[in-house]
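There are 2 protein chains.
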Amino acid sequence: MKLVEEKIKAEGKALDSQVLKVDSFMNHQVDPKFMKQIGDAFAKAFHGKRITKILTLESSGIAPAVMTGLVLGVPVLFGRKKTSLTLQNGLLSAEVYSFTKQESSTISVSAEYLQQTDVVLIIDDFLANGQAALGLLDICRQAGAEVAGIGAVIEKVFQDGGRKLREQGVMVESLAKITALEEGEVFFEEEVKA
Amino acid sequence: MKLVEEKIKAEGKALDSQVLKVDSFMNHQVDPKFMKQIGDAFAKAFHGKRITKILTLESSGIAPAVMTGLVLGVPVLFGRKKTSLTLQNGLLSAEVYSFTKQESSTISVSAEYLQQTDVVLIIDDFLANGQAALGLLDICRQAGAEVAGIGAVIEKVFQDGGRKLREQGVMVESLAKITALEEGEVFFEEEVKA
Numbered sequence: 001m002k003l004v005e006e007k008i009k010a011e012g013k014a015l016d017s018q019v020l021k022v023d024s025f026m027n028h029q030v031d032p033k034f035m036k037q038i039g040d041a042f043a044k045a046f047h048g049k050r051i052t053k054i055l056t057l058e059s060s061g062i063a064p065a066v067m068t069g070l071v072l073g074v075p076v077l078f079g080r081k082k083t084s085l086t087l088q089n090g091l092l093s094a095e096v097y098s099f100t101k102q103e104s105s106t107i108s109v110s111a112e113y114l115q116q117t118d119v120v121l122i123i124d125d126f127l128a129n130g131q132a133a134l135g136l137l138d139i140c141r142q143a144g145a146e147v148a149g150i151g152a153v154i155e156k157v158f159q160d161g162g163r164k165l166r167e168q169g170v171m172v173e174s175l176a177k178i179t180a181l182e183e184g185e186v187f188f189e190e191e192v193k194a
Numbered sequence: 001m002k003l004v005e006e007k008i009k010a011e012g013k014a015l016d017s018q019v020l021k022v023d024s025f026m027n028h029q030v031d032p033k034f035m036k037q038i039g040d041a042f043a044k045a046f047h048g049k050r051i052t053k054i055l056t057l058e059s060s061g062i063a064p065a066v067m068t069g070l071v072l073g074v075p076v077l078f079g080r081k082k083t084s085l086t087l088q089n090g091l092l093s094a095e096v097y098s099f100t101k102q103e104s105s106t107i108s109v110s111a112e113y114l115q116q117t118d119v120v121l122i123i124d125d126f127l128a129n130g131q132a133a134l135g136l137l138d139i140c141r142q143a144g145a146e147v148a149g150i151g152a153v154i155e156k157v158f159q160d161g162g163r164k165l166r167e168q169g170v171m172v173e174s175l176a177k178i179t180a181l182e183e184g185e186v187f188f189e190e191e192v193k194a
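So the sequences go chain by chain: Z and F.
Take the first sequence: its position 62, counted from the start at 1, is 62 in our numbering, and no numbers get skipped.
Take the second sequence: its position 113, counted from the start at 1, is 113 in our numbering, and no numbers get skipped.
Incorrect hints may appear among the rest.
[Stated by the list, open to error] Result set (DSS-like, lysine-lysine): computed pairs, CA atoms no more than 30 Å apart in a straight line:
#1 F:Lys164 / Z:Lys33
#2 F:Lys82 / Z:Lys36
#3 F:Lys36 / Z:Lys81
#4 F:Lys101 / Z:Lys81
#5 F:Lys81 / F:Lys101
#6 F:Lys36 / F:Lys164
#7 F:Lys13 / Z:Lys2
#8 Z:Lys81 / F:Lys82
#9 Z:Lys21 / Z:Lys101
#10 F:Lys49 / Z:Lys82
#11 F:Lys164 / Z:Lys82
#12 Z:Lys9 / F:Lys82
#13 Z:Lys36 / F:Lys36
#14 F:Lys49 / F:Lys2
#15 Z:Lys36 / F:Lys164
#16 Z:Lys33 / F:Lys82
[Stated by the list, open to error] Cβ-Cβ distance ranges computed for the label pairs, FRET-style:
#17 Z:Ala10 / F:His47: 29 to 39 Å
#18 Z:Glu112 / F:Tyr97: 23 to 33 Å
#19 Z:Gly48 / F:Arg141: 46 to 56 Å
#20 F:Phe158 / Z:Glu185: 47 to 57 Å
#21 F:Asp138 / Z:Glu11: 22 to 32 Å
#22 F:Glu189 / Z:Lys101: 16 to 26 Å
#23 Z:Lys44 / F:Asp40: 18 to 28 Å
#24 F:Asp16 / Z:Lys101: 27 to 37 Å
#25 Z:Glu11 / F:Phe187: 41 to 51 Å
#26 Z:Glu6 / F:Phe158: 45 to 55 Å
#27 F:Gly184 / Z:Glu189: 33 to 43 Å
In case anyone wonders, no lab produced these hints; they're calculated from the structure.
Using N, Cα and C, we set each Cβ at its ideal position, and we do this for glycine too.
Take these sequences, add in the hints, and give me the full structure.
Quick look at the structure:
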C-alpha cells in the first residue's frame, strides 16, 4: 500500500538496523484519518472472509484494529498484557516476548468474547519476529476459533515472523514491507523488486 | 447521552459498589460503531474550541480518542505507561495511581508531540477519582499547552475526580454519569433527577 510507505518515508525514523520509529502516526501519536485508510485497506484485503471478530494486542494495535472493525462492522477484542479487577476469570493466555520492550509478558483474552463460531482477523501494527501474532494465533486455537488471516500495518520481512506464519498456512497481509533498515534509511520490498 | 446509558444497562456489570465492568464494549472488547458515536458526541460537545490535539492514556482511552480525532480531524496522542526503545528522550511524565489495577505507574508523553501552541482535549474511558485525568492535565501544563476540556465516556460522580477537575475550572463532559453502583445494579444521574 503506497500510502503506508509514503507515511514511513515522510515520518518514520530508522534508529538502527532493527528498530523503526513510527511514533508520529502509530505507536504514540496516531493519525486517525490515516488509520481509517488502513482500516479500509484491511477490510478490502479480507473481503469475503466472513470475519466475525478482530483480535489485536494493546496498545498500538488498537487504532488500526478499531478502524478495521468500523469498516467491517464487527467487534474488536484487544489482548491485555496485565489482568485487572475486571479481567480475572476464564482467561485464554499466551507468552509473548517483546524485543522493543525487552521483556516477556503474558497476554490474556477473556474466553467469553472469543467463541468456537468466530472467524477471526488478527490485526497488529508491526510484524517482525511474529511473537505477538503467534501468541494471538495460539489464543484463537485455544478458543477453537477459525483464523481468517493476519493483517500487519508494517512487516519487517528481514525478520522471520511473516515466513513462520505463512508456512503455517496463515494468510498474511502487510500494508508495507520493509526489506532492510539502516540508520536514517528504510528500504521497501517494491523498491528492491523494481 | 442516552446511548451510553443504554449500553451500560444492557451490557455493564456492577461487580460491587466501586467497580463497573464494561469489558464487552470498552475495556477489552470494543464496539467500533458505538465508539464512532462517542466520537461524534465529544466532537459536538467541544465544537468551536479550536482543538488541535487529543490526549488520552493507553489502552482503553485509545478507541474513544481515535474516533473523536477522526471526527475533529486532529491527531491523537496516547500517554504510555512504559517507556520503550522508541520512547526514551524528551519525556513529560506524571505519576498515576490506578485503583482497578492497584498499582502506581509513571505515564509519559513525548514533548515532541505536545506543544505550547496546542489546544488539547483530554479523552478517557472512565472518570472516577480523576487520577489519570489529573496526570494528563499536569503533562499538558508541563508542555505549556492549553486544555480545552476533558471528555469521559463514563463518570462515576460518587467519586471525586469530576469535582476536583471542575473546581480547577476545567470543562468536563461526561457521556454517562453514574451516581451509585450496587452489585448487579447501576444508577444514573438523570434517573435520580427524574
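Hint by hint, here is what the structure shows:
Pair hint F:Lys164 plus Z:Lys33 does not hold up; C-alpha atoms about 34 Å apart against a cutoff of 30 Å. Note on F:Lys82 and Z:Lys36: the hinted pairing holds, with a Cα-Cα distance of about 26 Å set against a maximum of 30 Å. With a C-alpha separation of about 25 Å, the suggested pair F:Lys36 and Z:Lys81 falls inside the 30 Å cut-off, and the hint holds. About 12 Å separates the Cα atoms of F:Lys101 and Z:Lys81, which keeps this hinted pair within 30 Å; it holds.
In summary, the hint linking F:Lys81 to F:Lys101 is supported, as the alpha carbons are separated by about 12 Å, within the 30 Å threshold. Taking the CA atoms of F:Lys36 and F:Lys164, the gap is near 28 Å; set against the 30 Å cutoff, the hint holds. Restraint check for F:Lys13 and Z:Lys2: the C-alpha separation of about 44 Å exceeds 30 Å, so the hint is violated. Between the alpha carbons of Z:Lys81 and F:Lys82 the distance comes to roughly 12 Å, so the proposed pair stays at or under 30 Å and holds.
About 13 Å separates the Cα atoms of Z:Lys21 and Z:Lys101, which keeps this hinted pair within 30 Å; it holds. Proximity of F:Lys49 to Z:Lys82 is assessed by CA-CA distance (about 36 Å); at most 30 Å being required, the pair is judged violated. Note on F:Lys164 and Z:Lys82: the hinted pairing holds, with a Cα-Cα distance of about 29 Å set against a maximum of 30 Å. With a C-alpha separation of about 27 Å, the suggested pairing of Z:Lys9 with F:Lys82 holds against the 30 Å cut-off.
Proximity of Z:Lys36 to F:Lys36 is assessed by CA-CA distance (about 12 Å); at most 30 Å being required, the pair is judged to hold. Under the criterion of a C-alpha separation no larger than 30 Å, the hint pairing F:Lys49 with F:Lys2 is consistent with the structure, at around 24 Å. At roughly 36 Å between alpha-carbon atoms, Z:Lys36 and F:Lys164 are farther apart than 30 Å, so this suggested pair is violated. Taken as a hint, the Z:Lys33 and F:Lys82 pair is honoured in the structure, with Cα atoms around 26 Å apart against an allowance of 30 Å.
Evaluation of the 29 to 39 Å hint for Z:Ala10 and F:His47 yields a pass: the beta carbon distance comes to about 30 Å. Taking the beta carbon of each, Z:Glu112 and F:Tyr97 are about 28 Å apart, inside 23 to 33 Å as hinted. Here the CB-CB span from Z:Gly48 to F:Arg141 is close to 50 Å, well matched to the stated 46 to 56 Å. The hinted window of 47 to 57 Å between F:Phe158 and Z:Glu185 holds, with their beta carbons roughly 55 Å apart.
Separation of F:Asp138 from Z:Glu11 is about 28 Å and conforms to the stated range, judged on CB atoms against 22 to 32 Å. The supplied range of 16 to 26 Å is broken by F:Glu189 and Z:Lys101, whose beta-carbon atoms lie about 41 Å from each other. For Z:Lys44 paired with F:Asp40, a C-beta distance near 25 Å keeps the hint of 18 to 28 Å intact. Distance hint check for F:Asp16 and Z:Lys101: the Cβ-Cβ separation is about 33 Å, which falls inside the suggested range of 27 to 37 Å.
Roughly 47 Å separates the CB atoms of Z:Glu11 and F:Phe187, a value that falls within the hinted 41 to 51 Å. A C-beta distance of roughly 49 Å is found between Z:Glu6 and F:Phe158, which places it inside the suggested range of 45 to 55 Å. Here the CB-CB span from F:Gly184 to Z:Glu189 is close to 55 Å, at odds with the stated 33 to 43 Å.
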